[in-house]
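First to last, the protein sequences are chains A and B. All residue numbers for the first sequence refer to my numbering, where the first residue is 7 and numbers rise by one. All residue numbers for the second sequence refer to my numbering, where the first residue is 6 and numbers rise by one.
Bear in mind the hints are in silico, worked out from the structure with no lab data behind them. Just so you know, these numbers come straight off a predicted model, no measurement behind them. Watch out, some of these pointers could steer you wrong.
[As the list claims (entries may be wrong)] With the C-beta cut set under 8 Å, the calculated list includes, among others, these residues of chain B facing chain A:
id, residue
1, Gly54
2, Ala57
3, Gly109
4, Asp134
5, Gly136
6, Pro151
7, Ile153
8, Phe157
The beta-carbon is built from N, C-alpha and C at its ideal position, and this holds for glycine as well.
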Amino acid sequence: MKLVLRRAALLATIALGGAVCARAQGLPSEPVALVGGRLTIGGDVSASIGPDDTGFFNYTDYEHSALKLFRADLSASFTLNRHFAVLAEIRDENIDELHAYALYMRIRPWADHAVDIQAGRVPPTFGAFGRRLYASDNLLIGYPLAYQYLTSLRPDALPWNADELLRMRARGWLSSYSIGDPTPAEGVPLVAAFRWDTGIQLHAASGVVDGTIAVTTGTVSNPRLTDDNSGPQVAGRLSARPVTGLVLGASAARGPFVSSTAARGAVGDGHDRSFTQTALGADIEYSRDYYLVRAETIWSEWRLPGVGAPVINTPLRALSTYVEGRYKIRPGLYVAARADHLGFSDVVGSAGPQSWDAPVTRIEVGAGYSLLRNLVLKMSVQRNTRDGGRVTSATLTSAQIVYWF
Amino acid sequence: MRKYFLVFVPFVLLFVPFVMKGARSGMIRGRVDLRRVPLPVEPRPNVAGLGAATATLDISDRLASVVYLESAPRGAFETVETTHAVMDQRGERFVPHVLAITTGTIVDFPNSDHIYHNVFSLSRTRTFDLGRYAAGRSKPVRFDRPGIVRVFCDIHSHMNAFVLVFSHPFFSLTGADGRYHIDNIPPGTYNLIAWNEGVTSEPRSVTVTDGSVDEEDFTLR
């Protein structure tokens with residue numbers, strides 16, 4: 007019943023898109039400023055509609071597909087003085103319960119220097135896309151595979167041997183293993199864009215170079231509110247703007263990935279920090295006149311305990327690369343495309359070597375039209391192919407309406 | 006309907022008992038009193054940012070109002086000169102925030118920041134998108150139709166400005182003290198309107214005679 011209600015709400019939102027457009031003149035077009043401008047509230051609301059994704063190519067967890075999603079973000083910034091601000095964001099997906107997506111304090115020790123300390127549930131340090139995943143920032147409707155596609159790995163459950171791991175190829179939307187939590191649940195993407203980590207972050211910027219370092223409780227693929235393995239992750243990012251319009255970025259992160267409970271179930275106590283995720287990333291963005299091009303590549307490896315034979319010859323590695331671009335055809339109208347691939351290293355099972363998860367390739371092309379400055383209608387078609395699983399390919403057409411203030 | 010108030014309405018001319026040639030002129034002056042605090046547009050809460058935004062906010066340019074004649078005598082439209090105006094992009098702001106021009110004016114949009122800007126407008130009066138361009142470059146836009154054009158930056162959502170395009174020269178931008186004056190108005194009866202940040206006064210009927218100086222104050226709430 008709840009699901010029916012959610013779908014009805016989603017369909018009603020899409021169907022009322024025209025009415026929304028007509029009435030949007032009365033909606034805020036700019037952030038709402040209160041308390042003399044100290045409190046600023048912004049929002050980003052999107053509704054996407056698409057066909058059933060039976061291959062779970064676009065699922066961000068077992069229930070939510072990026073192509074059939076109503077999402078409402080409300081973000082707020084309260085500036086206490088020149089040195090302190092509190093920032094928060096709450097999010098609802100498909101008219102479900104609200105989640106605190108971000109809540110942290112931003113401290114600027116020297117008002118005239120671009121050095122900031124952020125503590126709490128903070129934005130991702132690693133990578134480029136994780137900080138522009140709002141629908142209004144996304145050129146298309148789907149997300150890059152590295153940030154969205156669910157691999158079969160889980161931090162709270164571990165495969166007994168390589169055969170058990172290989173049985174879960176292309177089953178990241180609902181994988182289950184015999185060690186740790188036996189309940190089937192979704193796996194993790196290379197970098198989780200839909201949850202933020204908790205910890206402390208130091209950022210410094212000059213005119214050309216930005217640097218950030220963070221210590222957080224989770225890992226890039228499994229951000230957490232509270233720690234589950236007594237080991238913090240250290241992440242860093244360096245970006246440079248050598249010329250106007252060009253941004254070069256490099257990121258790195260390393261931290262314990264497997265939960266204490268799962269590690270204990272596999273190899274006993276004392277190995278909380280042994281089974282890590284290490285990720286490296288590089289990104290580039292160039293824009294000029296009417297076009298924008300971005301590319302990002304992310305490499306990740308996970309070290310898992312070897313338990314039974316055939317033993318998993320860790321580390322398990324994955325590499326994802328995407329290139330996306332946008333071109334404005336005329337005021338308010340653009341076309342965009344993204345080519346994306348996610349590949350995995352081999353493990354040796356009883357039947358021989360095989361990639362530990364099924365490689366995926368996605369091509370997505372689309373267009374966006376601004377009905378108003380802050381009301382955008384998008385359409386896209388994506389072609390997904392996968393070397394494994396029950397569904398090995400899918401062509402999905404979707405539409406999305408985005409409103410922000 | 007208020008959004009069309011700047012559009013020339015031909016039948017109004019029938020009620021302007023005026024022959025431009027050889028006529029003298031009068032002046033309307035006064036003050037616009039703003040009873041509301043025009044807050045600048047705050048940047049969107051930069052929750053996903055790794056650090057604080059660097060934009061500086063300034064409300065002084067929000068105090069500028071425009072006072073104009075809703076209609077004008079026929080002679081006012083006989084010559085359309087191509088002139089240039091400038092709306093700079095500086096410190097993540099459009100400077101000036103309000104520009105009042107006549108039709109046919111070319112507005113140059115230089116970028117004086119060391120970052121990209123992307124000026125655009127989806128206003129029906131004038132739709133354009135200048136794309137991204139760096140410091141030191143400028144791109145022009147010609148405004149041929151009267152109306153209000155809201156100008157934005159596609160990269161910095163808090164950057165916005167107004168270009169008010171008139172089909173006649175009888176308008177005035179208020180100074181820092183809120184005062185305005187419209188000179189050389191041919192004798193006749195006109196509707197006078199004050200505007201600030203999208204808020205307009207009720208039209209006020211004003212009769213201008215030879216050599217007259219009318220004092221008209223407005224209060225905008």
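Requested in this report: Verify the interface restraint on Asp134 (chain B): the C-beta must sit less than 8 Å from at least one C-beta of chain A.
Outcome: 4 Å, holds
Query raised in the report: Holds or violated: Gly54 (chain B) as interface residue toward chain A, Cβ cutoff 8 Å?
Result: Because about 7 Å separates Gly54 (chain B) from the closest Cβ in chain A, which is inside the 8 Å limit, the hint holds.
Query - Agreement of hint Gly109 (chain B) with chain A interface, Cβ distance less than 8 Å - result: The hint is violated - Gly109 (chain B) has no Cβ within 8 Å of chain A, the shortest such distance being about 21 Å.
Query raised in the report: Was the hint right that Gly136 (chain B) lines chain A, CB cutoff 8 Å?
Result: 4 Å, holds
Report task. Have a go at the Ala57 (chain B) hint: is there a Cβ in chain A nearer than 8 Å to its own Cβ? Result -> Because about 6 Å separates Ala57 (chain B) from the closest Cβ in chain A, which is inside the 8 Å limit, the hint holds.
Query raised in the report: Measuring from the C-beta of Phe157 (chain B) to each C-beta in chain A, is the shortest one below 8 Å?
Result: Phe157 (chain B) check passes; min Cβ-Cβ to chain A is 6 Å, inside 8 Å.
Report task. Have a go at the Pro151 (chain B) hint: is there a Cβ in chain A nearer than 8 Å to its own Cβ? Result -> Not OK, violated: Pro151 (chain B) not within 8 Å of chain A, min 19 Å.
**Report entry** Agreement of hint Ile153 (chain B) with chain A interface, Cβ distance less than 8 Å
**Finding:** 14 Å, violated
This entry does not satisfy hints 3, 6 and 7, going by the numbered hints stated previously.
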